[in-house]
Structure formats: C-alpha cells, structure tokens
Amino acid sequence: MMKHICFFLASLLLFFGSCKKEDVKATEVYPPSPLPLVKFLGDKPSPASGGAGIVTTFAVKGLDGKKGQFKFFINKMEAEVVAVREDAIDVKVPENASSGGSSILINNEYYFGPSFIVTGKVSIDPNFNPGAYRSNAPIRGIFSRRGYDNSLVVYGEFTDYKNAATANAAVSRIAVIDGNGDFVTGDERFELGKTGFDGPVTSVAETPDGKYLIAGTFSRCDTINNLGGLVIFTGRNGALERTSVDVINPDPDNHPEDSKALVPIFNAQLQSFGGGFLSGVTNLFYKENEGRYTYTAFGNFNRYASVLYERSTRYSYQYDYVISDQLVQMKHGGEFDSSFNYDPILKKGYEAGNGFVTDAIRLPDGSFIVVGSFTTFNKKRVNYITKIDPATGLVDESFNAGQAGADGAVSRITYNSTTHKMLLTGGFKNYNGQPANGVVMINEDGSVDSGFQLKAIDGTGISYAGQLRDGRVIISGGFSKYDGIVREGIAILKADGSLAPGCNAMGMFSGSISAILERPDVSGSKVLFIVGDFNRFDNKEVGNIVKIRIAP
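Residue numbers are given in my numbering: position 128 of the sequence shown equals residue 128, and the series is strictly consecutive.
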C-alpha cells in the first residue's frame, strides 16, 4: 500500500514540476475606432452671424487639399467654399440661407458642426424676454385692450403665465400682458380667484364699454358654478359681473337668505349634449345698437339654455332650452334672439352644418364667413365654407355662387380688413376647381384671388396663413421647404406667394400658430405678437408667445 502512495506522490511532483508559468498577452475584443476623416474644432464660426453673401470661417481639420471633393451646408443649404486650409475653411453664406447648423458631406458621410446665425429683417424684439414671458399651455388668441395704450389680453388653455400664478391668485386661461409681453399685475389683471376657469377660453368679445364676454368649454370660475361656457367680466379690474335675483325659497322662516341668489349677470349657456372635444364656442362676435349689445356665437354646441330663476331655488336651477346647432344670437343680458337662425314653426334653430364648425370671421358688412368639415348648411350644398346673413342667420347663397368651393375640410380662416382678403387653410387640394394644396386666398365674394399662388412645399402641410396689412403673408406648419428653399415650419411671403426678400433668415419654428396681432411702431418696423402652441422660434426656446420685429 505504502508503495502505491509513494508512486502517486512522485507522479504529482513530476507533473507540477513540468508546468511552466507563461505570460498571457491581453487582446482587445473591439479594436479602436478609426479617427474621423473630418473634425470641427471650434464652438462658433468667425463671424458667428451675418447676412447672405458674407464669408465666414469654420475651424475644421481634415479637408486640406480636398477642395472640390466635399460640400458644405448652412442649415441644409449648400454654401460656396472659398478657401481650404489645414485647420479652417472659408465659406460664403448662400442666398436664401436661414439660421441653423453647419454640416460637411464627404465620401457620402455627413459631419455636423456649429450653428451660424443668418441675419435678416426679422428678429425677436429685444424687449421681449422669451425665457420669462411664456405660458404653460397653448394660447388661442390675443388682442389689444380698448382704452389702453400698452395693454393686451391673451387667452387659451394655459393655467400660468410667467410663473405668476399663486395659491391665492389664479392665472387661468386668460391674462393681461403689456406691450412687451410681461404679465400685468394690480388693478388691470383679471380677478379669477384661487382657481380661475376650469376649462379653456376659446373666444373673447370686448365691448366699447370695457366689458368682456368670455366663451369657452368651462363651467366654473373659482367658486362660481353653472357658467355653461359664457360669462361677462367687467373692464378695468376684470371681475365677474353678478347680480341678485329673486328665487323660490322653500323655507323662508328659517332661511330668509335663500330668497335671493347671486348669479352671473349674463344668463345664457351654450351646451353640447352630444359631447366631443370640439364642443363649445369657437368664435364670438358682438354688435352695438344704442348702448345695447347683441352677441353672435359659432361653434359645436347643440342648444341654448337659460335659467328660469322664477322657477328655481338658490341651490337648484330650472332651465329653458332652445335647440340650435352651431350658431346662436343672444341679446344684451343673454336672452335668446329668435329673429336669428330660428324656425318659429318648429320652435328651434334651422338645420346647420352636417359636420364640425372650426372657424369663423366677420366681414365689414356684418356678415359672417364660416368654415369647417361640413358640406351642407341649412340643407344647402356649400362645400366646407359658407356665408351667413347677419339679419336672418341663414345661408347667403350669393357667396361664391355657382362655384365648387373646397374639395376638403377647411380648418382655419383669417381675414385682413385692410386688404379685404381671406386666407383659408385645411385639407383641401382644390378650391373652385383650381389647385390650392391646402391654402388659398379668396375675395369677399368667395372668388379666388389668382394673384396669390402657393409654391410647392416639402413636409406635412400648412396649418396657419395670415395676411399683414402691407399684403405680406405669414404661413406656418409642418413643412421643411418652401419653393425648394429650406424653411423650417414658418415662412413670410409676398402677396403673390413668393418668399419675401430678407424676411426668411429665421431658424426653425416648432409648433403651430393660433393668431397674430399686428401692432403699430414709431420706429418704422412692423411689430407682431405671435401666439399659439409652439416652443421654438428662430431656433430659440419660447413659450407659446413671441414678439417679433420686421425691419423696413
């Protein structure tokens, strides 16, 4: 046995003695990446901004001796290469260039570099602070307040502006700002209580006596219920107007205070018992007659309602209803106007559109132009646009008589009272049989203004078009090029539809425009407030509002 153990131990010693320690060389699983062929060296070109035609220098290596073998771009527009050195190249800013990043294409590969700011006639106003003057949700409209030189009203879906909302003072869906876009505090602001409106404000009619009829999809403002999307605020201090009315008191001995109710002075609601996200008022207008006002509302409501206070208690209301689709006219205190769009035999409004109403404007003669997804109105063929007689509330068949109209839904209409032109945008391809590609300019009689010709666009289309008093047109949408020129989301056009010289150097616009307010300016520049649902203008972060200047 001992003999076998000794043999085994000897074998082990022999085995371990024969093993030699060898160095193991590490090998990389992934070899190092090759160095890039081209590399930008600096954060900014020199100069970092300038107009078309200037020469600017970019610090870049890897191109020496390769002139003619690569292309250089400023915001996707090819620039002329003037000179190439070991660590820099000189390029000329091309005509029609706009602000944006630089890039080099060589051997079918792109190399991206710093941005170059192309200067032009359009710029953000230096007094507008885009980092502070912003809302936390879309702004639907903006207008100048009557009797104030430097005061504007914005309204929409936001619940804060300039972080001004506090626990005790709401900034909900409507706000007063000054001529630079700053939030206005004190007596001029709207008194909205702690919570403000519980739904978006979609339209506001300001009357000459300084009052505001506010429309939207809200039912409550702070502690005040039962608003039904319509309410009147007084002028300077922006307080909701209420009045005391007599109501039924079931227990007058124990609760004599219940014989009166404090209610909104405007007794009207526009309701949509069918529901849907497009419910409510889209547009609100007023007219004055000897100090009394008549209000006309368009939208996607189904009925008018008013409270019968003589049949109501302080805590339970009884209503009077009138079925009236999409357009209603109301008198000074909210009473239903039965002289407008009302069938006295059937005791309801006439049949309106067979689709949604999306927008409306009023012409100088008092008539209304309404657009949407409807093809009939008052049982008459109208093809997505119609004119409403202000005296009767019915279709005016003289508008665009005998013509085809649009061949698809019209989503927006804007009107310029100086040029007397309307611009339509939507999903249509033709208007009155003429190619339109989603945008057309028309006259007050509905005929096409053939002087405006939209050019080809690349991208998802145009969502807004509005004309300025000087005839130029601003368009915005999801397009990336206009007439073959890089224009990212926004373009300023001449009245004929071509790009306006010097007005299209701005960088990227991201979002959609709801409204543009043109303001006078003593400097000779054109001053515009643009509002909507957007977060970038000229490639700078903004918050649904921007003030710009267009130099002469």
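Rather than coming from a laboratory, the hints here were simulated on the basis of the structure. Bear in mind that the values here come from a model prediction, so they are computed numbers and not experimental data. For glycine and all other residues, C-beta sits at the position ideal for the given N, C-alpha and C. One or more hints might be untrue.
[What the hints assert, rightly or not] Okay, the calculated beta carbon distance ranges per label pair: (1) T185 / R85: 55 to 61 Å; (2) G524 / D407: 38 to 44 Å; (3) I323 / E241: 23 to 29 Å; (4) N168 / D449: 23 to 29 Å; (5) L517 / E86: 50 to 56 Å; (6) Y321 / N378: 43 to 49 Å; (7) S523 / Q318: 32 to 38 Å; (8) S103 / N378: 24 to 30 Å; (9) R519 / T166: 25 to 31 Å; (10) N163 / Q403: 46 to 52 Å; (11) S523 / D64: 43 to 49 Å.
[As the list claims (entries may be wrong)] Think about it this way: if two alpha-carbon atoms lie no more than 20 Å apart in a straight line, the pair counts; the simulated SDA-like pairs of lysine to any residue are: (12) K76 / L528; (13) K421 / D449; (14) K71 / I124; (15) K260 / L308; (16) K540 / L528; (17) K481 / M77; (18) K76 / K347; (19) K61 / E95; (20) K44 / L528; (21) K76 / G459; (22) K347 / R381; (23) K455 / A391.
Evaluation of the provided hints:
For the pair T185 and R85, the supplied restraint of 55 to 61 Å holds, since their beta-carbon distance comes to about 57 Å. G524 and D407 have their C-beta atoms about 42 Å apart, which keeps the hinted 38 to 44 Å range intact. A hinted range of 23 to 29 Å for the beta carbons of I323 and E241 is consistent with their spacing of about 28 Å. Checking the proposed 23 to 29 Å range against N168 and D449 shows it is violated: the Cβ atoms sit about 52 Å from each other.
Checked against the hint of 50 to 56 Å, the C-beta distance between L517 and E86 comes to roughly 52 Å, which is consistent with it. Judged by the Cβ atoms, the range 43 to 49 Å given for Y321 and N378 is violated: they are separated by roughly 21 Å. Checked against the given bound of 32 to 38 Å, the beta carbons of S523 and Q318, roughly 58 Å apart, lie outside it. Judged by the Cβ atoms, the range 24 to 30 Å given for S103 and N378 is violated: they are separated by roughly 56 Å.
Distance hint for R519 and T166: a CB-CB separation of about 29 Å, consistent with the stated range 25 to 31 Å. Between N163 and Q403 the beta carbon distance is about 51 Å. The supplied range of 46 to 52 Å therefore holds. A hinted range of 43 to 49 Å holds for the C-beta pair S523 and D64, which are about 47 Å apart. A C-alpha spacing of about 28 Å is found between K76 and L528, which places the hinted pair above 20 Å, so the restraint is violated.
This hinted pair checks out: K421 and D449 have alpha carbons roughly 8 Å apart, not beyond 20 Å. Between the alpha carbons of K71 and I124 the distance comes to roughly 31 Å, so the proposed pair goes past 20 Å and is violated. A distance of roughly 14 Å separates the Cα atoms of K260 and L308; the hinted pair therefore holds under the 20 Å criterion. Between K540 and L528 the alpha-carbon distance is near 17 Å, which keeps this suggested pair within the 20 Å criterion.
For a cut-off of 20 Å, the pair hint linking K481 to M77 stands: about 11 Å separates their Cα positions. Proposed proximity of K76 and K347 is contradicted: the alpha carbons are some 62 Å apart, above 20 Å. This hinted pair does not check out: K61 and E95 have alpha carbons roughly 26 Å apart, beyond 20 Å. The straight-line distance between the Cα atoms of K44 and L528 is roughly 30 Å, outside the 20 Å bound, and the hint therefore fails.
For the suggested pair K76 and G459, the alpha carbons sit about 15 Å apart, so the restraint of at most 20 Å is met. Taking the CA atoms of K347 and R381, the gap is about 24 Å. The hint is violated against a cut of 20 Å. Note on K455 and A391: the hinted pairing is violated, with a Cα-Cα distance of about 39 Å set against a maximum of 20 Å.
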